[in-house]
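Generate coordinates for the entire structure from the input sequences, incorporating the hints supplied.
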Amino acid sequence: MADVIEVNCTTNEVTIRPQTAEEIAAAEAAAAQAAADKAAADAAEKAKADAKAAAIAKLAALGLTADEVAALTA
Amino acid sequence: MATSTYNLIASQVVGSGGASAITFSSIPQTYTDLLLKISARMAPNTTGEYIQMSFNGVTTNLSSKILYGYTTNASSYNESSVLALGIFPGVGTTSNTFGTSETYIPNYTSSNYKSVSTDEVSENNSSSTNAAYQYLIAGLWSSTAAITSITLSAQTTSILQYSTFYLYGIKNS
Numbered sequence: 001m002a003d004v005i006e007v008n009c010t011t012n013e014v015t016i017r018p019q020t021a022e023e024i025a026a027a028e029a030a031a032a033q034a035a036a037d038k039a040a041a042d043a044a045e046k047a048k049a050d051a052k053a054a055a056i057a058k059l060a061a062l063g064l065t066a067d068e069v070a071a072l073t074a
Numbered sequence: 001m002a003t004s005t006y007n008l009i010a011s012q013v014v015g016s017g018g019a020s021a022i023t024f025s026s027i028p029q030t031y032t033d034l035l036l037k038i039s040a041r042m043a044p045n046t047t048g049e050y051i052q053m054s055f056n057g058v059t060t061n062l063s064s065k066i067l068y069g070y071t072t073n074a075s076s077y078n079e080s081s082v083l084a085l086g087i088f089p090g091v092g093t094t095s096n097t098f099g100t101s102e103t104y105i106p107n108y109t110s111s112n113y114k115s116v117s118t119d120e121v122s123e124n125n126s127s128s129t130n131a132a133y134q135y136l137i138a139g140l141w142s143s144t145a146a147i148t149s150i151t152l153s154a155q156t157t158s159i160l161q162y163s164t165f166y167l168y169g170i171k172n173s
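Chains as they are written, first to last, in my numbering: chain A, 1 to 74; chain B, 1 to 173.
Honestly, the hints are just simulated from the structure, not real lab data. Treat the numbers as computed from the prediction; the structure is a model and nothing was measured. Among the clues, some could well be false.
Quick list of in silico lysine-lysine cross-link-like pairs, DSSO-like style, CA-CA up to 27 Å [as the list claims (entries may be wrong)]:
1. A:Lys46 to B:Lys37
2. A:Lys52 to A:Lys38
3. A:Lys48 to B:Lys65
4. B:Lys37 to A:Lys38
Here it is in structure tokens:
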């Protein structure tokens, strides 16, 4: 893992140091949470798109034309 | 008429070793708002990864609402415990491309909870479908403490050389 760059805004001193164990643990936890939240959002979006596609297929199976389906789903 | 100031507080260009995080510490408490401008490229060999923001060395009480989009999709979701600033391009994208963002933090010294707004684009210099992401993020740090330091962390790997971070202070009068 790369180092941490710390810039002191009052003195302009720049310190480069290794990440602490606590910082590594916090970053890993945050990364896992961010990935889980994004995956959940993507899954919800896919489920919504799949449901829409299934509904359109059922409308077509009932005999609606593509234009009629488009008018309903626009 | 009130005058305003817009001053560069500090900046950092990442060196050849990269960085897992950038911290701006001992932020002066003399401004009204803060503005952070980032241009960054990330280490993973993918389309990219998040830069995550935290304050005062604390990574709790953070949350955000995210609206994002790319060529074929647009969506939104909540981050329950993370304040991510969007996906910055990784080495799997076009060489030498950097994502850019602006983050505004009003009233950073107040005793109210701290709101954060960010816009970010992961540039890829490509016209291909889904080549670039765009993010609008409303973030919140549910703390009454004044912000004295800001940490920008790579999600899982590191921030690459030539990435730049500029922190500005804005004062109303």
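Practice prompt. List in ascending order the numbers of the hints, as given earlier, that are violated by the structure.
Written response: When the structure is compared with the hints, only number 1 turns out to be violated.
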